[in-house]
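Taken in order, these protein sequences are the chains called A and B.
The opening residue of the first sequence carries number 5 in our numbering; numbering runs sequentially from there.
The opening residue of the second sequence carries number 57 in our numbering; numbering runs sequentially from there.
Just to be clear, a hint being listed does not mean it is correct.
[To be verified] DSBU-like mimics (lysine-lysine), calculated; alpha carbons at most 30 Å apart, straight line:
1. B:Lys238 x A:Lys489
2. A:Lys280 x A:Lys382
3. A:Lys414 x A:Lys156
4. A:Lys164 x B:Lys124
5. A:Lys280 x B:Lys124
6. B:Lys110 x A:Lys156
7. B:Lys110 x A:Lys159
8. B:Lys238 x A:Lys66
9. A:Lys66 x B:Lys236
10. A:Lys99 x A:Lys122
11. A:Lys459 x B:Lys109
12. A:Lys523 x B:Lys292
13. A:Lys489 x B:Lys110
14. B:Lys109 x A:Lys164
15. B:Lys238 x A:Lys508
16. A:Lys220 x B:Lys133
17. A:Lys110 x B:Lys102
18. A:Lys414 x A:Lys110
19. B:Lys110 x B:Lys133
20. A:Lys156 x B:Lys238
21. A:Lys414 x A:Lys459
22. B:Lys110 x A:Lys66
23. A:Lys211 x B:Lys124
24. B:Lys238 x A:Lys220
25. A:Lys127 x A:Lys164
26. A:Lys159 x A:Lys33
27. A:Lys280 x B:Lys236
Keep in mind the hints are simulated off the structure, nothing from the lab.
These figures come from a predicted structure and were not determined experimentally.
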Amino acid sequence: MKKFLLTVALLLFVMIVFAAEKYVWFDEKTPYLGADAKGKYGGRLVVGTLSGPRTMNYVVAKETSSTDVIALFMGYGGTLVELDNYARLYPCMAKRCEVELTDEGKMIVTFWLREGIKWSDGKPFTADDFVFTVNDVYSNPAIPSSTQDVIKDSKGRLPKAEKVNNYTVRVIYEEPFRLAVRYIGGLYIWPKHIAEEWVKNGTFTQKWTVEAINNKELVGLGPFIPVEYVPDQYIRAVRNPNFWKKDANGNQLPYLDEYVIKIIPDQNAQKLAFEKGEIDLWGVPAQFYPEIKAKAKEKNWVVGTGGPTYGTTFITFNWNHDDPVKRSWFRNEFFRKAVAYAMDKDAMIDTLLAGLGVAQWGPVSVLSPFYNDDALRKYPYDLEYARVMLQMGGFSWDKDGNLIDAKGNKVEFVLSTNAGNRIREGMCNIIRDELAKLGIKVTFVPQDFNLLVNKMLNTTDWEAIVIGLTGSDEPQGGRNVWALKGTLHFWNFHPEAAPGKQIKPEIYEAPDWEIEIDKIFAENIKVLDQKKVYQMFSRYQELVSEHLPLIYTVQQLYLYAHKADLNIIEPTAFGGMLWTLPWIYWKK
Amino acid sequence: MLKYIARRLVIAIPELIIISFLVFMIMEAAPGDFLDQYKLDPSMSKETLEAMKKELGLDQHPMVRYLKWLSGAVRGKFGYSFYYRRPVSTLIWERVAATLSLSLVSLAGSWILGIALGTFSALKKYSLADKILTVFAFSFIAIPSFFLGLLFLYFAARTGWFPIGGMISIDYNNMTAWQKFKDLLWHMTLPATALTLGSMASLMRYMRGSLLDVLNEDYVTFARAKGMPERIVVYKHAMRNAINPMITFLGFSISGILGGSLFIENIFAWPGMGRLIYQALIQKDLYLVITSGLISAVLLVVGNLVADILLALVDPRVRLT
């Protein structure tokens, strides 16, 4: 007996010492989103959109006009994990999730699926569907997708899914991958019983076009199934009879009978449609907000703001310009700091965003859990400071007040943005006027979007550009921008990675801080400790705001309006008004 | 006559090929391609972009792509839309009915009203009615159609009498045939009126000018001097000649019926060709653009042919050989 106990103790000791690290991400005790809802059945919700869907195939879909409709039958509860309106992770079709680091350095994510969930066509949802989705769809080299890029580890390797039993799956990564639970758990799942054949005969990307809606081919795990599409008119979706979520009283969700997306391609017409009650909610453009807000009480609307949106808008300079003189200005940090100090962000917010915006100082969105205000260096509008910066950078002024560099060259450059974007054009005008006060001659030339993007990415023939990038709550989403060899590292392309191979290696320089940012983007993804990741991204925000490769401008607030008798909960820029779609209901 | 039509149609074939080639070359020469819109998306990797390029055939030589498209087009296959990943022909077909219904109603409306009012105006030259009609015509020529469309929308929003855009109601498919017809008509009223007013106004002015020119001709004076009744002078002799330039104009109007109502379609959310083509142009959805260019060219050829035939029917001096 003694011997046995000793063996057991020894075994336990060995297990404790050598056992892999294990993290429980969430377990059965955490309720899913909507578990506490108490609503009423019935009714139809009508929303507006500027353009109709292009496809119902998520792998092919590239724009929100398509993905917003796809989400109805693949998202909103149709995934293993989901995020709330602040991007916090919750269990969904997986009731438990564990992450394990093995001795060989691999990472295994295990999901325990809820039992009894059915597809909208009545077939049971099991581990097979999930394994098929990971291995045969998103990890399939024959089916390229942006999802594939997102789920790769730092060395570009794709994960492998394994079925443990009908309701347990494991996903194996070759190295720790911080975003695995969120990205793998958030994958839109494909019905194996339908899509397996498409993978086999190579027709996957041609399936589920918009015609699939009227042919009633769509099968999903989400709350609604689109059943009718009249091109450029509307999409009508009805309740999924097999949606798995139940509310606090055990009633099956969703509450609404129908969800209709009306296609109204003109913003003025959308405004009128909302005012007339033809659509029930509306993401309000800034120019209409004061008027809508003023009418809110009389018309019985709820009108509000939900924090800054995720995108970024900035001015950037071409560090690899063919002209060595211009190159030297743009690479001069003091020059960029002077531009930052000369940027009148208040004027931008007041005149371009009707006062409904915030100044942006760094690359991480204010709504992101990684945003660190203390790490950011800020440059309040001050032309005196700007002048000091220019002097520190070796610039001076001639007798006519023109700014000249140390060699006596007059400082002047061409500023571009995409023509037709009213806000960006306005920003360019403000920047040009302010820089004129510093003796810098800026010629503003708006250009066609395609032309501009091609110049910026494939040639060295550009000087300064005001442009924007989409953002997210997760800074790692910007790795193509910030990695030294990133495909969007446009201000200072690496000669080997520049899309047009246009950068001469002899003029290329990467400062230390760029190398440090590159390292942060390569390393953070392998770190599972959120605190450490927070520190790494704080350092990144500090470096970017200190050295200003991109000089950020301002960001509009998320603006919304909806009928007051519609039960909508705390809209944010991340979740929008519809993050609670399965349990939205009409109060009357 | 039939021989003439056949010959014209045969000549049209090389014309159409040249036009489609020119459209293709212009699209190629313009900077950028369909993939540009994804190039600034941080989540899109180089590999994905390359794969998409290959999949869409954008890595092939432009000539190869054009010839492939042409050989398909001859067999009635106009290629795939990059954006919708559906055959171009189904995309266009879906929208043809919507555009045709709106265009034909407004074409008929503007021609009937334009010619009638133009004639009336010319016959009552410098009267109060003529002056009112002139002011009316110039106002609608001056107001851009999209602005007129917006005004109508505000009118709809204020009164609640008409829907804010769209072609059918959400419950359309549950309606009876009569309800469907009424629903369509109800949706069509404002966009059709907006479209009609603009072109009617200019047609009215053309007709007025043309008829006045003819009425000053010697043969009209001669006919009147002979004592011919005014009704016959005007409607039998003068009108016939006044209508000639209008018929040529009609030929061009026919070529515009599929794409001519872009702004109105956009404002009223009318699901027509104009919007499809506009989006395709902006996104450089190549095959959709060339195919719609080809359709416009076909309509131009057909429109001109129709105009020539009509001219021959109306004007005995014209002989088709």
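Practice item. Take a quick look at whether B:Lys238 and A:Lys489 sit within 30 Å of each other, Cα to Cα. Key: This hinted pair is violated, its Cα atoms lying about 61 Å apart.
Review point. Given the hint that A:Lys280 pairs with A:Lys382, does the C-alpha gap stay at or below 30 Å?
Key: 44 Å, violated
Check your understanding: Given the hint that A:Lys280 pairs with B:Lys124, does the C-alpha gap stay at or below 30 Å?
Key -> 49 Å, violated
Check your understanding: Taking only the CA atoms, is the gap from A:Lys110 to B:Lys102 under or equal to 30 Å?
Key -> 27 Å, holds
Check your understanding: Do the alpha carbons of A:Lys489 and B:Lys110 lie within 30 Å of each other, as the hint requires?
Key -> 23 Å, holds
Review point. Between B:Lys110 and A:Lys159, is the straight-line Cα distance small enough, at 30 Å or below?
Key: With Cα atoms ~24 Å apart, B:Lys110 and A:Lys159 stay inside 30 Å; holds.
Practice item. Decide if the proposed pair is consistent with the structure: B:Lys110 and A:Lys156, CA atoms, cutoff 30 Å inclusive. Key: Holds, at roughly 22 Å.
Review point. Does the structure keep A:Lys220 and B:Lys133 at a Cα separation of 30 Å or less?
Key: Roughly 26 Å separates the two Cα atoms, so the pair holds.
Review point. Taken at face value, is the distance from the CA of A:Lys66 to the CA of B:Lys110 at most 30 Å?
Key: 17 Å, holds
Exercise for review: Compare the distance between the alpha carbons of A:Lys459 and B:Lys109 with 30 Å, and conclude whether the hinted pair is satisfied.
Suggested key: 19 Å, holds
Exercise for review: Decide if the proposed pair is consistent with the structure: B:Lys238 and A:Lys508, CA atoms, cutoff 30 Å inclusive.
Suggested key: Roughly 67 Å separates the two Cα atoms, so the pair is violated.
Review point. Is B:Lys109 within 30 Å of A:Lys164, Cα to Cα?
Key: 27 Å, holds
Violation of the numbered hints given earlier is confined to hints 1, 2, 3, 4, 5, 8, 9, 12, 15, 18, 20 and 26; the remaining hints are satisfied by the structure.
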